[in-house]
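Chains as they are written, first to last, in my numbering: chain A, 1 to 304; chain B, 1 to 350.
Hints in this document: simulated from the structure, not taken from any laboratory.
Using N, Cα and C, we set each Cβ at its ideal position, and we do this for glycine too.
It is possible that some hints are incorrect.
Unchecked claim - Computed cross-link-like contacts, SDA-like style, restricted to lysine to any residue with a CA-CA straight-line distance of at most 20 Å: (1) A/LYS87 x B/LEU311; (2) B/LYS254 x A/SER277; (3) B/LYS254 x A/PHE233; (4) B/LYS254 x A/GLN129; (5) B/LYS254 x B/MET138; (6) B/LYS254 x A/ILE203; (7) B/LYS151 x A/ASP278; (8) B/LYS254 x A/GLY275; (9) A/LYS87 x B/LEU307; (10) B/LYS254 x A/ASP278; (11) B/LYS254 x A/ALA230; (12) A/LYS87 x B/VAL304; (13) A/LYS87 x A/ALA75; (14) A/LYS192 x A/ILE203; (15) B/LYS151 x A/MET279; (16) B/LYS254 x A/GLY283; (17) B/LYS254 x A/TRP276; (18) A/LYS87 x B/LEU312; (19) B/LYS160 x B/TYR177; (20) B/LYS254 x A/ILE286; (21) B/LYS151 x A/SER277; (22) B/LYS254 x B/LYS160; (23) B/LYS254 x A/GLY178; (24) B/LYS42 x B/TYR177; (25) B/LYS93 x B/VAL142.
Stated by the list, open to error - Covered by chain B, according to a simulated footprint, are these stretches of chain A (three or more residues, beta-carbon under 8 Å): (26) 63-73; (27) 106-117.
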Amino acid sequence: MFDPYYLQQLAIGLSLGMTYALMAIGFTLIFGVLNVVNFAHGEIYTLGAFAGLVLISATAPPIVAVILGALAIGALAGFSLERIAFKPFRRFTDEASLKSRAMRESTLLSSLAVSIVVREALEIVFGSQMRSVPFEYLINTPVRVGPVILVTGDFIIFGVAAAMLIGLQYLLTRTRVGLAIRAVSNNPLGAKYVGIDTDRTIITTFVVGSMMGAAAGILMGLYYGAVFPAMGFTPGIKAFVAMVMGGLSSIPGAVICALILGISESMATTFVSSGWSDMVAYGFLILTLIFFPNGLFGARRERV
Amino acid sequence: MNAFENAAPADGLTRRRGLLVPALILLLVFAALPALLAGFDKGYFYQIANLALIFVLLSASMHLVTGVAGLLHLGHAAFYGVGAYTAALLTSKLGLGFTVTLPLSGLVAALVAFLVALPTMRLVSIYFAVATLAIGQMLYLVMLNWVDFTKGPNGVIVSKGFELFGFSLSGRLGAYYTVAAVVTLSVIAIGRLSHSYYGNALRSIREDDQCADAMGVSTVRLKMEAFTLSAFFAGIAGSLWAHMTGYISPGDFKFSESILILAMVVVGGLGSLPGAVIGALLLILLPEGLRALGDFRNIMVGLVMFLSILLLPKGLLGEVSALRLVRRQLGAAWRNTGPANGKGEGIGWR
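All chains should be built: construct the whole structure from the sequences, respecting the hints.
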């Protein structure tokens, strides 16, 4: 009935989409839910991957320890990122400057500048070449499922992404921390008036989101077996596209759109050479911005 | 002894002083620098001078769209690339010279910008920024992957240097003068454009687009015009680059170049043309001067950008001080008129 080739292509697309989703979850938490323009998430992802690599090459610990190390670095990076690139621009807490465009754009530029510095620093320390992950840590042992072949990493990534998604949804909708995050994103000044520590809430969100970003980075490093300073750029763009398609504030929406994106890309490589497949993401982004300005699953927000 | 009599000499004085700075700059660009370059007589110095001038033009063209019209543009290098590829392909496939390719690359870049602006101009702030990023990356992918037409990652060799209606200007000094003349004329054009009624309309969009719309300013149309014009000048810069280096490849026009140009505008001060020029000179010449730092030059771009956002939110030469400078230079539109204003209180925008 189905050509196994297309089934295999679909499976590849799903696993590609899963990798995008992994990145998109943390990104959407900071960018979409908290509504802070953050362009440095890709570098958090790279930092997580490099932290894992350094741990592996230094002490060769069990894989769980590697991931825990990456998480710790991610938390630290998220904390410092917020302190360095975002806190200084929240000097003024009156309503006008909180809502002003200039402030949002200055955090965009400052996070962009920080991401350049981090990427170039990594390039100086580790070189711009790809560094390969030791063979025994790779998570790409093939597994045959019916007519298609998957690798163990696909299942791990699926599990981690699902756990992150469910955990975050629980955090956001069922806990006081989540309530505070949503309150701050909705109206920072109002949140302050009712006694929420906005600074601490923002820090918490950054730390949680960045831990997820770093976990995504190290998992991708183990999955593809290569770690390099510019590795965060493309997934960052893909995660952004998934987030915008999903409607910014909706994490499940972002995950579904990441899957759509992955499947579309792998299907596109059937027809055109793989160099063109990035075009799909950019095309989706433009089309979404033009035709579905509220995203496919999102709530209404001013955008055009 | 009334105010009117006092006003006249003061006005004359400011005007005489007003002509001094541009005259000095022109003297520097067209006499002192070439003499210095000829004195050293090293190809490398000519390259740096030309590169700095080309980036001055890129930064000035971005100033028009990001500084004046307030549209955060993250794909500017792609239009620079479109211009460069137009010049290179016209030269290598049709054998056309610089005289023809220069205006054509500007026009092709402007046309591409117009076409991509049609759907995206309704977007605001961050969504516009990301849409331009996507457009820039798409154009870059076309340059990289359309191997039959653009030769892909191998790049294109541009066999012809600078010429004007058949007169060859391909010597080192000739090339420098060509680049300097084109860049100076373009920067003057951008300066006149951004300090006119037209520039004010663009500024009103930057400050509050809804309000501007309500006042009868056609915001979407003006945004498109600013975007297209800036792409035109970026295309001109691309043509200069293609004929100067004789070889272009997609790597010259990737995302990091867009960020470099953005950093120039931000460091110089958003909305200020002299700032954009100084920012470009700073970010090109400083890394060259600090060659010893080697790999640290890119990190410096990020650091300079970050520190200038943090410590100098208005940039090196913020718009207010830049306006004062321009008022002195282009006195006419802001000259005090009549005795009532003899105290030197300008009437501002007329």
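Task: Broken hints, by number - done: Violated: hints 6, 22, 23, 26.
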